[in-house]
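> Residues per chain are reported as follows:
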Amino acid sequence: MALGFAVGVFGVLILAHAAYSTIQYRGLLKIMEEEFSGPPMTVLAEVLLGLGLCMWAGLTVPGKFLSIHPDSEENRIVSLPLNVDFMIFNHRGRAFSSEIDMKLKY
Amino acid sequence: MAGRNDSGASEKKSNEATNDMSTFNAENLQSNMKIIYYSRTFLSIIGGVIAGILGFTGFTGFIFYFLVMAITSVGLMAKAKFSVHSYFDSWNRIILDGFLGGLMSFVLFWTLAYDIVHIF
Chain A
1 MALGFAVGVF GVLILAHAAY STIQYRGLLK IMEEEFSGPP MTVLAEVLLG LGLCMWAGLT
61 VPGKFLSIHP DSEENRIVSL PLNVDFMIFN HRGRAFSSEI DMKLKY
Chain B
1001 MAGRNDSGAS EKKSNEATND MSTFNAENLQ SNMKIIYYSR TFLSIIGGVI AGILGFTGFT
1061 GFIFYFLVMA ITSVGLMAKA KFSVHSYFDS WNRIILDGFL GGLMSFVLFW TLAYDIVHIF
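Line by line, the protein sequences give chains A and B.
Residue numbering for the first sequence follows my numbering, starting at 1 and increasing by one per position.
Residue numbering for the second sequence follows my numbering, starting at 1001 and increasing by one per position.
If you're looking for bench data, these hints aren't it; they were derived computationally from the structure.
Do not take every clue at face value.
Straight-line alpha carbon distances no greater than 30 Å define the calculated DSS-like cross-link-like pairs of lysine-lysine that follow [what the hints assert, rightly or not]:
# : chain 1 : residue 1 : chain 2 : residue 2
1 : B       : 1034      : B       : 1081
2 : B       : 1034      : B       : 1079
3 : B       : 1079      : A       : 64
4 : B       : 1034      : A       : 64
5 : B       : 1081      : A       : 64
Modelling step: build the complete structure from the supplied sequences, incorporating the hints.
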């Protein structure tokens, strides 16, 4: 997770560096009075590298896919206690008087 | 009695096999949809910045956006290990959902990056 984040930040930094190189390249073209036809090869390579890194980070950082089958391995125990159908409230706890100030300790 | 129980159990199993997708863990499905949304949003922003850096204007930029979204779809399918039905309820969710949602962010960052790099 932290690795993915670091890779994403690194990819964004590479893109920022590519942008800076393009700005410098355009300044150079302005001095030489030529048209901007396309970015230089280095910028293209840098942008592709940045895109690859950011794509990897963008797919791994948000989290894993969780299975939606109710009978898969990881869903086995987790969803059982959350079933409202099995929660009962009509138990002996109502015999406690409501003046008792007890708190639940985890 | 035992025979009746057996047929009842097997009937329930075949029912379960056909009804499998009618009961699924909706909370996980929603979490998966959120993951897709985050991924697509981030990658459309990055795509916009790249389109601005490379100086795309007009139609080329939109072609680039669809290219980035297609690559994202392939990446998401690879992340789901190509067995879409254990994480989503249909193929459309992973391929088409959020396709156009990132378009606005893409255009915003595209114009931003283009202005920064090429105009100033």
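> Evaluate each hint against the coordinates.
Quick rundown of the hints versus the structure:
With a CA separation close to 18 Å, the supplied pair residue 1034 of chain B and residue 1081 of chain B stays within the 30 Å bound. A C-alpha spacing of about 14 Å is found between residue 1034 of chain B and residue 1079 of chain B, which places the hinted pair at or below 30 Å, so the restraint holds. A hinted pair counts as satisfied when its Cα atoms are at most 30 Å apart, and residue 1079 of chain B with residue 64 of chain A qualifies at roughly 8 Å. For the hint pairing residue 1034 of chain B with residue 64 of chain A, the CA-to-CA distance comes to about 11 Å; that is within 30 Å, so the pair holds.
Our distance criterion of 30 Å between C-alpha atoms is met by residue 1081 of chain B and residue 64 of chain A, whose separation comes to about 11 Å.
Consistency note: the structure conflicts with none of the earlier hints.
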